[in-house]
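Asks: Going down the list, the protein sequences come from chains G and Y. First residue of the first sequence? That's 1 in my numbering, and the numbers climb one at a time after it. First residue of the second sequence? That's 1001 in my numbering, and the numbers climb one at a time after it.
Quick caveat, the hints were computed from the structure, so don't treat them as lab data. Keep in mind that the hints are not guaranteed to be accurate.
[What the hints assert, rightly or not] List time: in silico DSSO-like cross-link candidates among lysine-lysine, alpha-carbon distance up to 27 Å:
#, chain 1, residue 1, chain 2, residue 2
1, Y, Lys1153, G, Lys182
2, Y, Lys1105, G, Lys180
3, Y, Lys1128, G, Lys182
4, G, Lys92, Y, Lys1012
5, G, Lys180, Y, Lys1255
6, G, Lys180, Y, Lys1283
7, G, Lys180, Y, Lys1012
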Amino acid sequence: MNSSLKRFVKGNLTLRGIALFYIGLLIILPVIAITTEAFKGGIPNLWKQITLPQALFSLKFTFIIALIMLVINIITGTATAWVLVRYDFPLKKTINALIDIPFAIPTVVTGMMLVVLCGPRSLIGEFFGKHGIEIIYNKPGIILALIFVTFPFVVRSVQPVLIEMERDMEEAAQTLGASKFKVFFHIVLPTILPSILTGAALSFSRALGEFGSIVIVAGNIPMKTQVASVYIYGEIESANIQSGLGTAVVLLLSSFIVLIFLNFIQRWSNKYGK
Amino acid sequence: MSGIMVKNITKKFGDFIAVNNVSFDVKEGELAALLGPSGSGKSTLLRIIAGLENPDMGQIFLTGKDVTPLRTQKRNVGFVFQHYALFKHMTVEKNIAFGLEIQKKDKKEIKQKVEELIDLVKLNGYNKHYPSQLSGGQRQRVALARALATEPKVLLLDEPFGSLDAKVRKNLAQWIRDLHNRVNVTSVFVTHDQNEAIEISDKIIVINRGKVEQIGNATDVYEHPKSKFVASFVGNVNVINANIKKNHIVITGTKEKIQFKEKTEINFQNIVLLIRPEDIIVKDNSTEDTVPCIINGIYYRGSFYEVDLKVGTNNVKSLVPKEDFFKFEWRKGTKVYIRFRKFKIFEASEGHKKVHEMLKQLGYIE
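With the rest of the complex left out, here is chain G (with noise of 0.2 Å):
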């Protein structure tokens, strides 16, 4: 018996055994459920599903859309973060407590707002139309929406390390003939990075899944402007559940290795310490 176990057993059981059931039951036992389901008819057919020509274009497409979002979400939130806690200005703290808003909202309504504001016939939609360019029920549409759906997850996680950040590294890269410029890249970025790829992280999974905002405003045209997770909920709809399965693993997949990829990134940041 190996010495975690003996502790195990010496300490007080039930309340660890309630809480490992618990655990089991919530987290453990759904995600075993759907894994053994999708890999019941053997993995060629749980391939010959993903494969489906509407199944792989829509999680071709859901990455995409998600990269895109992605470098877009970084730069925006760095930035945000960085005027948030290097600069002052009126009104600061009120906008500071506006950014958590796109968590608070429900994705539905935040949908809803997107198509009032740039729907066709918006006063936005209407001037984007004229010169053939479509928002909503097409991409801009959905970048927009995981845009704001996921905007908290960078600024929230760079800006206490900015905070934090001792603002005489910087000086000290100064003195050593280091330009503004530089001493962002050489000295801010690095510092930051951390922080910056757990914030892409957490948001690029979260757009991965996200369904409520983009079933409003994606149009779900299959092979066209259909995401993974909107597909999937068509699959069920239709009770066609074996065909949305293969899918619904691969999505289940990516979060798993967002997951690792998080962990990474905590212990390579740790190996500076303080």
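Once you've looked at the hints, dock chain Y against the given chain G.
Replies: Okay, now just chain Y, sitting in the frame of chain G:
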């Protein structure tokens, strides 16, 4: 003139005048101390020299050039920060190489220079360590090596020993003095510790409330303080209330007359005497110019004894050599006589309270 010249520098933060029309110069190759209590403006002054703060008025000359309009990165000054400010995500050698890499120096040249500096600061074998894996003293040495890498003509150190423990501090101070002598550089360091300033600097600039109180070498500042502030801040000092009567001094609460031979004319009655503990001679018997007093407390300090005395209404501290102690078997309550080797007279009304408050803050009196 090469070296550093500070000319009429004034810096305000809102209504607060941090630096008030300060001028001084440090000759090439000198090691100067900016000495003052916290909040005196000494760190701000150092940051202005480096270009990290912009002065509201005045000019800074480095090696003869007016650098006032230049940004920090163009001034080529080495700066050692109080909390080291090492780049946490870089190894020791990367930290040291940073300035050279910014200058886009040849890789081979950088490698050689870094090795040289690591050798100079005695951190051989620590090349690949991260700052978090080093002790305080080691970090300080990395900070120094990093600042010296670009061969600056001017080295500025902000409380360089402030966050180190006493023993490391003492060694490092002496080591910095030696290093300064070896490297061709003009240095200024900020400190609130008079011992550090006296120990290692060629020149001491005493700053109080944003103004220069006195500039001179250690002996000048310690033996011939120009103001009450300097006398009390630099070194330990007793503050004794007294009166002037005709041509002698009478300490408050006593009757004995003390002659004084100072040439300066004194035209006030209530005075304070500032006397360093080592300038109070404790004797067993009364002679000319002695004042009787009672021993209040005796503290063993290794090579000497520190004796608290009550003179009239004043409490004073004195340093007594061991031999005297064993000869006379003094103990608490013994009546002894003291004589002053030398003292400084300042007018009592002028800020006497302030001196007292400050001494209290510094822990010299209770």
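Asks: Next step is simple, just say for each hint if it's right about the structure.
Replies: Status of each hint after checking the structure:
{"no.": "1", "hint": "Y:Lys1153 - G:Lys182", "verdict": "holds, 23 Å"}
{"no.": "2", "hint": "Y:Lys1105 - G:Lys180", "verdict": "holds, 20 Å"}
{"no.": "3", "hint": "Y:Lys1128 - G:Lys182", "verdict": "holds, 23 Å"}
{"no.": "4", "hint": "G:Lys92 - Y:Lys1012", "verdict": "holds, 26 Å"}
{"no.": "5", "hint": "G:Lys180 - Y:Lys1255", "verdict": "violated, 69 Å"}
{"no.": "6", "hint": "G:Lys180 - Y:Lys1283", "verdict": "violated, 66 Å"}
{"no.": "7", "hint": "G:Lys180 - Y:Lys1012", "verdict": "holds, 25 Å"}
Consistency with the previously given hints fails for numbers 5 and 6, ordered from lowest to highest.
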